[in-house]
Amino acid sequence: MYEEEIKTLREQLKLNMDDVMRIEKLNLLRYYLGEKEKDEKVIKVEYVEEKDNLKYSESVEISIILSERLNQMIMLNKNDYKLIEKLYQILQENYYYLARYLFNYFAVAMEFGIEKSKQFLAPRTCVLNYVNWELTKFYYKDRAVMTISMPQGTGKTETGKRFMAFAIGNNPSLPNMMVSYSASIAKDKFYNGIMALYDDEMGNFRKIFPEVNLIYKSAETLSLDFRNDKKTTVHSEYSLYCAGFDGSITGRTRAHNILYIDDLVKDIEEASNKDIMDKKWTEFTGTLKKRMQGHCKLLLVGTIFSINDPLSRLIEYYKSKDSKRIKIIKIPGLNENGESNFNYGYGFAITTEMFLEDKDLMDAVSFECLIQQNPIERDGILFNEEECRKFKEYERDETYERTVATVDVAWGGGDSLSMPIVDEHKNGDCPLIDVYISKGPKEETIPKVVAKIIENHITYVFFEANNGGDMYAEAVKEELKKKGVNDCYIDSGKAPTTKSKLDRILAQQGAIKGALASTYRLLIKYRDAIRGNRMYNDFLNELFRFSQNLKKQGKQHDDVPDSLASLFTNVLKNENNRVGAYSHYSRKDLGI
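According to numbering that gives the first Met the number 0, the sequence shown is numbered sequentially starting from 0.
No wet-lab data here; the hints were simulated from the structure.
Heads up, a few of these hints could be off.
Distance windows between CB atoms, simulated [to be verified]:
1) S183 - R9: 50 to 60 Å
2) M74 - G531: 31 to 41 Å
3) G202 - A528: 35 to 45 Å
4) K500 - I113: 37 to 47 Å
5) S235 - M353: 21 to 31 Å
6) D502 - M194: 51 to 61 Å
This structure is a prediction, so every number in the text was calculated from the model and none was measured.
Backbone N, C-alpha and C fix where the C-beta goes; we use that ideal spot for every residue, glycine too.
Please model the complete structure; the sequences and the hints are all you need to start from.
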């Protein structure tokens, strides 16, 4: 069936014809191929793990190409209203077709006929197009786990809700669950939300899935049952069951398709109570997760509240135990250059200034968790950005003495090379004028370290000699000699074995904070002065996430605070390093 039509169209497409006629022929070919594939039960879309991508049937491939070409033609002929009407009709047909199989097209097709400024997706495409594509791949993975964490009010819940409508439309016979921290939220956002999408005023859902009908709903049990088998009795397990984590999950329907969880934590007050977080984690792992059966997938959407919330714990578990199975999407409020990731259109933007205002008003830990999506330990945070001394405009004056640096060399295992560079002044103030941090190999970092020394006119650099740091120092010295630089003293020494890394950092915490009682005091740049300076921002971020909680040691990056502790211990507070400070000879050269 359809073989003759398909053959004829393939022959016709070999002939010369105008673009519009070719589009119309391709659209017919797509239709007949789609019907043929349906009769032959051809798999339309499947996930290819080796490529982390999707493989399409021929009808889907043609429809994707058609949609791209149609969008281009509409833009090129935007003043030809009659032509645009014809092209737009074909475009809609293809989007409705693709929306059955690909969520990123479903998200667009659900808003056909709605003014762009009133659409959900159109203003937010700068972020959500990527999220929607990852959700599309996720749908076709087997027993996959996916987490999406973004600041509050950025559209993650609405996206998750639309994804679940897509999943139900795709296979209404497979039960799903949607869970939030309370039953009232589950009713308002999920039960009523899915109903609103099914009954959307433009009728888009029913155009995409015309065979899917609602046969049962209960606002009391928050249950919806859809099916495409034309029967009128409800399933033993509903297409969708919505629940609040504050109620009983035991004995409720199970999830065979998707278990969707949106914010199990109510607020920051709840998140700050570790006993509550432990209880929620126990209930999540012991009760809620047990609702998953067969090839069910797990999707967690929410905002990071703390290192102990269920979302953070789940991410850490799968990262260490089954990293191939989980896809982690974290989109912070501010990017690496200190600028907003959520400059949405049509008046929905969350601007850089708005996030910076949050930063001023919130405590540092809450900002890192809620806005930046960095789960850090609230108890034990050693360095608070608000408490540290800062500078914005700076010029060297008569109090300036020299420019010095220390290098904490990285040797794999996720460590970073960290190089803080400061100007030393007679009064003990030490402005952090520049930094260099990198996870790259020594072949990449040595030239960069050398460049920083020359660029900042550094006259003394100390390398921690442990684990080959002395050899790294020698390599830097040789590169400086090759470039004719002989006014920088290159030194190295081993960290004392009598003190732990944490003890060394604690011993210099006053100096790092810029405490007036310290002989030498670090000053850091204001954030607005380093907007766009990714490396300096990353350096500060790592410093202010450091926790002295010993249980977390080894699970966090401590290279930045350790390099600063070394700076004060081995350079600024060590008078011996001033001898021969402008010599290019090292201790090794002198036999020391």
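Okay, which hints does this one fail, numbers in order?
Hints 3, 4 and 5 contradicted; others consistent.
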